[in-house]
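With the hints as constraints, model all of the structure from the sequences given.
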Amino acid sequence: MSTTSSDNREEVSIDLTLRPSNWQEYIGQDKTKQGLHILIEAAKKRKETVDHVLLYGPAGLGKTTLASLIAKEMRANLRITSGPAIEKAGDLASILSNLEHGDVLFIDEAHRINRSIEEVLYPAMESRKLHLIIGKGPAARNFELDLPPFTLVAATTRVALLSNPLRSRFGAIFKLDFYTEDHIKKILSRSADLLRVRVDAEALALLAHASRATPRVANRLLKRTRDLAEVQEKPVITKEVANSTLAMLEVDQYGIEPQERKILETLVTKFKGGPVGLKALAASTNEEIDTIEEVYEPYLIRLGLLERTGKGRIATLHAYQYLKNEFHDLHPFLG
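Mapping to the working numbering: the sequence shown position 227 is 216, numbers consecutive.
Don't read these hints as lab results, they were simulated from the structure.
Treat the hints with caution; some may be incorrect.
Cross-link-like lysine-lysine pairs, in silico, PhoX-like; alpha carbons within 20 Å at most [to be verified]: (1) Lys175 to Lys22; (2) Lys20 to Lys36; (3) Lys22 to Lys33; (4) Lys175 to Lys20; (5) Lys33 to Lys61; (6) Lys313 to Lys259; (7) Lys261 to Lys300; (8) Lys261 to Lys313; (9) Lys77 to Lys118; (10) Lys22 to Lys164; (11) Lys61 to Lys34; (12) Lys223 to Lys212; (13) Lys268 to Lys251; (14) Lys34 to Lys22; (15) Lys251 to Lys175; (16) Lys61 to Lys22; (17) Lys175 to Lys212; (18) Lys164 to Lys20; (19) Lys61 to Lys36; (20) Lys268 to Lys300; (21) Lys300 to Lys259; (22) Lys175 to Lys228; (23) Lys228 to Lys212.
Per label pair, the in silico range of CB-to-CB distance [to be verified]: (24) Arg147 to Lys118: 26 to 34 Å; (25) Ile278 to Lys164: 22 to 30 Å; (26) Ile278 to Ser105: 22 to 30 Å; (27) Leu217 to Ala272: 32 to 40 Å; (28) Ser105 to Arg297: 25 to 33 Å; (29) Phe132 to Asn66: 24 to 32 Å; (30) Leu134 to Pro73: 22 to 30 Å; (31) Ser273 to Arg35: 55 to 63 Å.
Computed from a prediction, not measured in an experiment: that's the story for all the values here.
Don't be surprised by glycine CBs; every beta carbon is placed ideally from N, CA and C.
Spelled out as structure tokens, the structure:
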């Protein structure tokens, strides 16, 4: 077994350890948790499965964790797949036909399911029927298979890309928001206890500030800070250790990464602040359009450094201040 493979497995194991295992450990997203609690309790009283659930919001906010908590609360098996993994209708048919009574099927990146494949989901969600076509041409035959009661939990970072027919078939839709800095601090404190590391208050505040208001990012920064502290034989993670880690990762105090800064610099210097089309911006920064739109832009917009307009992307006054190290406005996630 290679060292890299072993390290990857250990990293996955740590991630699973840090994932909340019950509702009390799941910090933040109070409105969503309250809505899900009502949904689950009502289903229990009726002795039914939970209605189909759609979760949407930026990556790393806990959609997978919520799906696992729903399954755990209902004492059901959790089956996990993703939109890109379902390449043809037969793949989805195979998944659905293997479901057992009460199972929770979690489909991540649901917006990437092909439209023709979606049509297999419609009768499955509405009437628990799976329609199959065996053979081709005149010899083709239609078969109908009854499915057991199940709950579909779909997650997406781009809800607008879901087709209306699919979106309308979900009984409950919840939006996950970015976390407040206080919530991120609580998440980091819990993770530090699980990792058995000591973090002082200043280091905790610095890591929370640079976490992009996202638990996944916060835990990643904490793990890398722990690594540096261990190498330097520091018994406590201090502000200095945290600062060194951020510098090593090329992440600044706002959580902005090099490629995001490059996008802003390109927008300001090459395109005079915009407006500029997404294709031109992607070509100039050597990035994929989808990566800019889904990964980098949401956070820059959240910080107030970039705006989307009908004519293209525009750098705000804050972007100019940030690039000149004069960006002193309050972090938008303070609270």
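Worksheet item: Is it true that the CA of Lys251 sits at most 20 Å from the CA of Lys175?
Response: At roughly 32 Å apart (the allowed maximum being 20 Å), Lys175 and Lys251 break the hint.
Fill in: Proposed proximity, Lys118 with Lys77 (alpha carbon, max 20 Å)
holds (18 Å)
Worksheet item: Is Lys22 within 20 Å of Lys164, Cα to Cα?
Response: holds (11 Å)
Worksheet item: Is the Cα-Cα distance between Lys164 and Lys20 20 Å or less?
Response: holds (9 Å)
Item to complete: Assess, step by step, whether the Cα of Lys300 is no farther than 20 Å from the Cα of Lys259, and give holds or violated.
Response: Holds: Lys300 and Lys259 sit about 17 Å apart, inside 20 Å.
Item to complete: Would you check the hint for Lys33 and Lys61, treating anything up to 20 Å between C-alpha atoms as holding?
Response: Holds - the C-alpha atoms of Lys61 and Lys33 are around 13 Å apart, at most 20 Å.
Worksheet item: Holds or violated: are the alpha carbons of Lys61 and Lys36 at most 20 Å from each other?
Response: holds (15 Å)
Discussion item. Run the distance test for Lys61 versus Lys34: straight-line Cα separation, threshold 20 Å.
Written reply: Holds, at about 16 Å.
Worksheet item: Taking the CB of Phe132 and the CB of Asn66, does the distance hold inside 24 to 32 Å?
Response: holds (25 Å)
Worksheet item: Using the C-beta atoms of Ser273 and Arg35, is the stated range 55 to 63 Å upheld?
Response: holds (56 Å)
Worksheet item: Lying within 26 to 34 Å: is that true of the beta-carbon distance Arg147 to Lys118?
Response: holds (29 Å)
Worksheet item: Keeping to a limit of 20 Å between CA atoms, is the pair of Lys268 and Lys251 held or broken?
Response: holds (15 Å)
Hint check: violations occur at hints 2, 15; the rest are consistent with the structure.
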